[in-house]
Amino acid sequence: MKKLSVSSEVQGSAGKSSEASFPTLAIVPCENHEDLAGVLSRLRAATPSLLPASLPRKVVIKPNLCDLVSWEAGVTTDPAWLPLLAGELRAIRPDVQIVVIESDAVSAYKNSRSCDETYDRLGYREVAAQHGIELVNLTNSESIEISLEGIPQSVVISQLFLEEFYFISIANLKVHPYERMTAILKNSLGLLTEADISSLHPYLSLMLSHLHRLCPPDLCIVDGRIGLEGQGPIIGDPVRMNSIIFANDALAADVAACKLMMIPPEEVPHLRKVAVDLGREFPDIELPAGIQPRSFAFNTPSHDAILVKFANRRLHRSSELFTNRWIDRLQRFKREPVKFVTEGIPRLARRLHAR
Amino acid sequence: MPDRIRIGFVGVGPVVERYHLRAVRGVPEVQPTVVVDINEERARLFAQRQGIPVYTTRLQDLFGKVDLAIIALPNGLHASISCELLSKGVHVLCEKPMARNVPECRAMIEAAQHGGAQLCIGHNRRFRNNFSLAKRLMEKGIFGEVTAIEAEEGSTADWPRSPAYFDPVQAGGGALIDVGIHSIDLIRWLAGEFSDVEYQGDGTPTTVESEAQLQFRMANRAEGKLLASRMRNLRQRIRITGSEGYLEIGLWGDNLRLRSNKGKAFQQFPYLDAYVSRRPPQDASFVLQLNNLVNAIRGKEKVLVDWAEGMAAVEVVARAYGHAAQLQALPAEFSGGTR
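Going down the list, the protein sequences come from chains A and B. Using this note's numbering, count along the first sequence one by one with no gaps and you end on 355. Using this note's numbering, count along the second sequence one by one with no gaps and you end on 1339.
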């Protein structure tokens, strides 16, 4: 097992490689969750090799926007990363084109979630407009169907991957019901343009290994300020972990994430597969002083839990419909109050009469 | 124009049986109404089997009964028959090659302009999924500047051909004008115009060539080689190499292999195989080709392979053979076999 040494240059918290060819990794503490700029400046000072010296024309950022849940719940990526990274990247190349990518998804409640809606409601649209960042919904982008070895069906990816770009993957620190944990490598699943990828689940590890080869991240950020334990990857309890992993290698980043969650990487099927396919061993990572790992609670859903999940799903759906209906009424009333009342009262009277 | 465009088949050989008939069945806006063939029994059987009301051996019987004619005859008859139909306002889908030489092509164009009819040349492969995708990728420029082109198509035997195919006067050439012209059209479509061509073939003044090799240079200085054969099984592909990658496109299948040197996906994958055969499940290029012509007749879109495209491919072949003027023009009478 290769050992990834840990430096104590920055408050005893940054780790980096001892060999030039070896993955570079830094784990930076972040007690103050608002201070991402401070985290980046400490990273720049301690491990400058993690940040690129030069950039191609295009930089692609892949956050984890798997559901309509705020980043404080430990489920999605904080949009605050965008302006920070944009500033950092434009300092290296002023004319860099920054693109954020994500696909439509199927939510925890099996509703199809448009990625554009996610961009809107999680604040990405606003931040992107302010900082000249392009948001791309891969599901609507020009795609290409490819065949990948061992996958029985064709796989649809965006034609973007045929182009040259610097790739930043920002993931969260989360448990996962089938895979034990999810971070950078699992974040790649959102590179597929089709929203419902449940048919690929039997080939998940192989698919993730292929996706890692198709689009290996140049910079991996596992935002572990708030992790997610419980069932995952969108249901569970947020946990303050107060640390952020930076790496130039997805496998190293994920193994470090495992270390923080105290999950043996050998128990994570897709990590095993990627390591085998890359012909590598898991790096042995020592956490720097001051970084406290935590054994993440992991709830494999029982039969009862699945029944509750379905009941929740129905409740969520009906409550969403109910709420939307009243929001719609309120907006119509605000827009044309007289018309709303004059049309609404007879309609209400008819309904009451019918009852 | 009636709701459904009336179609006449001029020549009902294997290419119509295998491809055009299926295309006609796949386009609801058209209705086959007349069959013309020099062989009356063949015309009768075809019409009877396909439920087409009229069959005849006389081209004149077509006028007034059809809006569009599909011409699948030996090459030497393409120009004369097309001119007769086009000048009377009948739209024409003419099998490739457009004609045996450039003057014949020009006559067809004049007839089309005089009759106000659409003329589409049957370079159907442009409508195949892999070539459509290749075109879109080429337009994006992800393979850089084209530097080299290789094309190969050939097989020992594919289908029954009439004797007219082996007659230099009637066919206008051998493997190059018959097989190689597909690649010539596709190379032009994907990579631009040919500038210099150098031809080698095993033909004689009395026999057409069964093997042809074309070495060429494109207008952008890219160099290339085309092999066409009726004697050997070749790799049936076009490979376009660019300064930033390459494309390999199957001429007979739906395969498309690509690489873009700087592309993110190719840092670890040497190439990607695009998957283009699922939708539609089988080769629908003839259906799409006919659909394109029908839409053009209705003024909804332009003909993808129009007379200019058809003539440009013939012009490359004629330059290769270097004997465009030597071919004798066939009389306009409907005489000869079918494709």
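Incorrect hints may appear among the rest.
If you want a taste of the chain A side facing chain B, the calculated C-beta under 10 Å gives, among others [as the list claims (entries may be wrong)]:
1) C30
2) L55
3) R125
4) I144
5) E145
6) G150
7) V155
8) I157
9) Y178
10) E286
11) L321
For lysine-lysine, the following PhoX-like pairs were computed, each having C-alpha atoms within a straight-line distance of at most 25 Å [as the list claims (entries may be wrong)]:
12) A/K58 - B/K1135
13) B/K1225 - B/K1088
14) B/K1065 - B/K1262
15) B/K1225 - B/K1135
16) B/K1140 - B/K1302
17) B/K1300 - B/K1135
18) B/K1140 - A/K58
19) B/K1140 - B/K1065
20) A/K58 - B/K1262
Honestly, the hints are just simulated from the structure, not real lab data. Predicted model only: the values in this text are computed from it and were never measured. Cβ atoms here follow ideal geometry from the backbone N, Cα and C, with glycine treated the same way.
Okay, the hints, checked on the actual structure:
1. At a threshold of 10 Å, the smallest CB-CB gap from A/C30 to chain B is about 29 Å, leaving the interface hint violated.
2. Because the smallest distance between the Cβ of A/L55 and any Cβ of chain B comes to about 13 Å, over 10 Å, the interface hint for this residue is violated.
3. Taken as an interface hint, A/R125 does not check out: its beta carbon lies about 25 Å from the nearest beta carbon of chain B, beyond 10 Å.
4. Look at A/I144: its Cβ gets to within about 6 Å of chain B, closer than 10 Å, so that hint holds up.
5. Proximity of A/E145 to chain B holds as hinted, the smallest CB-CB distance being about 4 Å (cut-off 10 Å).
6. Violation of the interface hint for A/G150 is found here, the shortest Cβ-Cβ separation to chain B being roughly 13 Å, above the 10 Å cut-off.
7. Look at A/V155: its Cβ gets to within about 8 Å of chain B, closer than 10 Å, so that hint holds up.
8. Because the beta carbon of A/I157 sits about 8 Å from the nearest beta carbon in chain B, less than 10 Å, this interface hint is met.
9. Look at A/Y178: its Cβ only gets to about 25 Å from chain B, farther than 10 Å, so that hint breaks.
10. Look at A/E286: its Cβ only gets to about 29 Å from chain B, farther than 10 Å, so that hint breaks.
11. With a least beta-carbon distance of about 35 Å to chain B, the hint placing A/L321 at the interface is violated under the 10 Å criterion.
12. Our distance criterion of 25 Å between C-alpha atoms is met by A/K58 and B/K1135, whose separation comes to about 24 Å.
13. This hinted pair does not check out: B/K1225 and B/K1088 have alpha carbons roughly 41 Å apart, beyond 25 Å.
14. For the hint linking B/K1065 to B/K1262, the alpha-carbon distance of about 57 Å lies beyond 25 Å, and the restraint is violated.
15. Our distance criterion of 25 Å between C-alpha atoms is met by B/K1225 and B/K1135, whose separation comes to about 20 Å.
16. The hinted pair formed by B/K1140 and B/K1302 meets the criterion: a straight-line CA distance of about 22 Å does not exceed 25 Å.
17. For the hint pairing B/K1300 with B/K1135, the CA-to-CA distance comes to about 22 Å; that is within 25 Å, so the pair holds.
18. With a C-alpha separation of about 16 Å, the suggested pair B/K1140 and A/K58 falls inside the 25 Å cut-off, and the hint holds.
19. Taking the CA atoms of B/K1140 and B/K1065, the gap is near 45 Å; set against the 25 Å cutoff, the hint is violated.
20. Simply put, A/K58 and B/K1262 have alpha-carbon atoms about 12 Å apart, close enough for the 25 Å limit, and the pair holds.
Hint compliance for this structure: hints 1, 2, 3, 6, 9, 10, 11, 13, 14, 19 are broken, all remaining hints hold.
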